[in-house]
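J.: So the protein sequences, as listed, match chains A and B.
Residue numbers for the first sequence follow the working numbering, beginning at 1 and rising by one.
Residue numbers for the second sequence follow the working numbering, beginning at 1001 and rising by one.
It should be emphasised that the hints constitute simulated quantities derived from the structure, not laboratory data.
Note that beta-carbon positions come from the ideal geometry of N, C-alpha and C, so glycine has one too.
Simulated restraints on C-beta separations:
| # | chain 1 | residue 1 | chain 2 | residue 2 | range |
| --- | --- | --- | --- | --- | --- |
| 1 | B | A1128 | A | E88 | 24 to 32 Å |
| 2 | B | L1105 | A | D116 | 22 to 30 Å |
| 3 | B | L1030 | A | T107 | 14 to 22 Å |
| 4 | A | I2 | B | Y1007 | 42 to 50 Å |
| 5 | B | D1038 | A | E47 | 52 to 60 Å |
| 6 | A | L119 | B | A1085 | 33 to 41 Å |
| 7 | A | D29 | B | A1085 | 21 to 29 Å |
| 8 | A | Q44 | B | G1126 | 39 to 47 Å |
| 9 | A | S91 | B | R1084 | 35 to 43 Å |
Computed list of chain A residues with no C-beta within reach of chain B, every gap over 12 Å:
| # | residue |
| --- | --- |
| 10 | G25 |
| 11 | Y26 |
| 12 | W28 |
| 13 | R31 |
| 14 | A37 |
| 15 | D49 |
| 16 | V50 |
| 17 | R67 |
| 18 | Y74 |
| 19 | F100 |
Sample of chain B residues facing chain A (criterion: CB under 10 Å; computed from the structure):
| # | residue |
| --- | --- |
| 20 | A1019 |
| 21 | V1047 |
| 22 | L1073 |
| 23 | L1074 |
| 24 | D1086 |
| 25 | A1090 |
| 26 | G1092 |
| 27 | V1098 |
| 28 | G1100 |
| 29 | N1101 |
| 30 | K1103 |
| 31 | S1104 |
| 32 | L1105 |
| 33 | T1111 |
| 34 | G1113 |
| 35 | P1115 |
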Amino acid sequence: MIRVLVTDDSRVMRQIVIRTLRQAGYDWDVREASDGAEALAAIQADEPDVVLSDWNMPNMTGIELLRNLRAAGYQTPFGFVTSEGSPEMRSTAQEAGALFLIAKPFTAEGFREVIDPVLA
Amino acid sequence: MTATVEYDQIHAIAQEVFAAMVDGDLGLLLPWDGDLPDIVDALVAWVDLHGEWSGRAVLVTGSDTAHDLARVLLGLDDGDAVSRADLVDAFGEIANVVGGNLKSLLPTPGTLGLPQVGDVLPPLAGAARVQHLPLSWRGRLLVVDVWVTLPTATSEGTS
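Whole structure, please, built from the sequences with the hints as guidance.
T.: See the structure below:
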C-alpha cells in the first residue's frame, strides 16, 4: 500500500484532500502534517512513498519543505496541492523537483488525471 | 498599477470553488436577487495579496451559514456541532482558495498571505473596494468582495 503524507496547515483541507484521494480510488495509508517543519520531521523519521503538500503555510512553506528535502538528499516523490496554480508557481515547483501541482479547488477526476501518470 | 478584475471573473471563481469544495454543482451560487438583508452575526474571512497588484479577497456571511459551510467541508451531518477552530479553518480556507485563484488572474507575480477570519473586516490602508458580489448560496446571502490597494500618487480611479 502506498504511504502518503498530506501536509496542509488547514485541518479542513487535509480532510478534503484525504477524502478526494479515496474518491479518486487511491486506497492509500495516510499520515498528516500541519506545516512544512512538521512534515520535514515526519519524513526524516519515516519516509513516505509520496508527499502531497500545500504551498502557503506558516513555519515552513511547501516550497521550502521540498528544497530542504532535496538538499538533505531525500528524493521522495512530491506534489503540491495549492490554491495558486499560476505558470510562475508551476515553474518554480518543477524546478525544485515537484512532480505535479494540483490547483485548488480540485475534483477526484482532477486528482486522477494528475496522479495516475505519475504512478504508471 | 492595478489590473482590472471583472465581476464575471470573480463570480466564476466563487462558483468553481463552491462547486468543487461544497456543492458538486456549478449552479448553486447565484447572484443575489432582490434587496440585501442585513447579515446577522457576520463572519468575515479574508486573504491579502501582495505585489505589484496588492489587495484583498473577502467573504462575508452569517454565522449560521458559515457553520453550514463548515459542516459540508468537514463531511458532518446537519446539526452536528462545529468548533470555533473548525469554523475559522473552513471559512478561511474558502477565502484562501478564492484569493489564490484571484492571484492566478493577475498579470504580475506576487504573494498570497495566510487566510484570516474575524467578526469584522479590519481596514486595508489605501484600498478601495473594486468588486462587490452579493451571492445566494442555498438562498442565503454570502458576499464576495475584492479590494485593491491604490497607487499612492492618486486617490481616485480603481482600474
